[in-house]
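Just need the whole structure built from these sequences, with the hints factored in.
Chains as they are written, first to last, in our numbering: chain G, 1 to 418; chain S, 1001 to 1052.
One or more of the hints may lead you astray.
[Unchecked claim] Computed, partial: chain S to chain G, Cβ under 7 Å:
id : residue
1  : Ala1015
2  : Ala1022
3  : Asn1023
[What the hints assert, rightly or not] What follows is a set of in silico ranges between Cβ atoms, one per label pair, in the way DEER data are often shown:
id : chain 1 : residue 1 : chain 2 : residue 2 : range
4  : S       : Phe1030   : G       : Gly188    : 50 to 56 Å
5  : S       : Ser1006   : G       : Gln79     : 39 to 45 Å
6  : G       : Ser148    : S       : Ala1021   : 30 to 36 Å
7  : G       : Asp335    : S       : Ala1021   : 47 to 53 Å
8  : G       : Lys186    : S       : Ser1006   : 19 to 25 Å
9  : G       : Arg371    : S       : Phe1030   : 32 to 38 Å
None of these hints come from the bench; they were simulated from the model. Cβ atoms here follow ideal geometry from the backbone N, Cα and C, with glycine treated the same way.
Below are the chains, spelled out letter by letter.
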Amino acid sequence: MSAPPGGSDRPGRPKMVACPACGASLTLRALGQSVTVACPSCGSLIDVTRPDIQLIRKYTEQTRQLRIPLGTRGHLRGQLWQLIGAMQRSAVDAAWEEYLLFNPYLGFRWLVYADGRWSLGRMLRDTAALHPEKGQPYQGHLFERLDSGTVTVGWVVGEFYWRVTTGEQVLATDFAAPPLMLSREKSGNEVVWTLLEYLQPLEVETAFRITDVPGSIVGDGARQTDHAWQTLRQIRATTFLALIAAFLLQIIGEIASRSTTIDVGTYDLQHDAADETQIYGPYALRPGHSAAQLLTSAPLDNAWVQLQGSMENTATGQSYRFDDGFQYYHGYDSDGSWHEGASSSSVYLSSLPAGTYNLVVDGISGDQTGRPLTCPVTLKLQLNAVGWRNFWLSVIAILAYPAYLIYQGLRFERRFHQ
Amino acid sequence: MNFRPSGYVVVCALAIVYLVAANARGYIPFAGSITRSSGGAGSGGRVFIFHK
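This is the structure in structure tokens:
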């Protein structure tokens, strides 16, 4: 959306000229303001600034199938507009169409069709106070940076107020404050700002009396609109594949670890100070590093157990300590029966080096009166444990961006419908 | 947080590499207050302090 030449407010009269490539009749609707015209018959690009109407480039592609035919007139937002040009532009991950509207008294407007949604754009002339990237509001709206990238012209049809060509590139940055959007396009030293406003599809279809618009949003399609939904659709296959891969690798890791669970024995809670520490083992861990998980349980009845201990390497003396505890209380009150806690627990020991280890356990317990329990604590030791914590961390990393996009999309939808 | 789909592919790849490497090394995140010290295997001299 380059800047039009000055004096766009002057009325103009249509003029008929012949295409120098195919001879088809061309109607110049913005005479005196249009610089180039792409012939709707053969697609050739024509320079209309010269009296002799010169051919700039002859296209071999067929005339594009436009959503709104060239020359269509329609009342949009209370003003009469005529569609005089159309082009397709694309970025790395999206393509859209821009239709140039002309009113000899009002100048030019852009009707943009992107991913099922229409928006009406007006080039801003006074941009001195326009700094959305610095968080400054514009017309009372706070715009957020949406996306940035190189935009390339794919094809053009009709007439334009600048010498647009296929392959022309600008650096575009979009800022959104639904239902408004600011688009900044930079080409060389020229910077052009366009203020766009979302339009309901029916508004456009009624204005230009078009039906059966390919890809037009209806009903549930309204969700397929904003940038967030578009990006979400683009990455959903990647997300799905990554989740499947993570799950399969987790299962393979579980199988390959060949983890074994050993009945260690029991820890007697009814002890005196002389024999409170109990030692179990030895247990051999596989080469490399591996995890171990201590599983503890006891028949608690309104009581608690606290265990502390370590895995101690019999050769090096290195100690890997752990803390574990659990409690189980239950009762009955005016709301009925209640219970809290559990009578079992587990604790992981991470990245234990290979070697032979003794399991050293010490513990205390108490019931409601504070006396030690008489029941034993059953101990099991799972060697080469894998666990699912790494899997869930990976899932969180994989789903973080899609979750953010969903949040953004819902936020845009909510603000759009307000 | 607007990165392109190719950037998201890198994030997914890193998440999977982390999963494989962590599981292979027996790393368990948030595994509790595990400290490493040098001492005798099953020897005395430990001091256990419990708070309840």
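Okay, the hints, checked on the actual structure:
{"no.": "1", "hint": "Ala1015", "verdict": "holds (4 Å)"}
{"no.": "2", "hint": "Ala1022", "verdict": "holds (4 Å)"}
{"no.": "3", "hint": "Asn1023", "verdict": "holds (4 Å)"}
{"no.": "4", "hint": "S:Phe1030 / G:Gly188: 50 to 56 Å", "verdict": "holds (54 Å)"}
{"no.": "5", "hint": "S:Ser1006 / G:Gln79: 39 to 45 Å", "verdict": "holds (42 Å)"}
{"no.": "6", "hint": "G:Ser148 / S:Ala1021: 30 to 36 Å", "verdict": "holds (34 Å)"}
{"no.": "7", "hint": "G:Asp335 / S:Ala1021: 47 to 53 Å", "verdict": "holds (49 Å)"}
{"no.": "8", "hint": "G:Lys186 / S:Ser1006: 19 to 25 Å", "verdict": "holds (23 Å)"}
{"no.": "9", "hint": "G:Arg371 / S:Phe1030: 32 to 38 Å", "verdict": "holds (33 Å)"}
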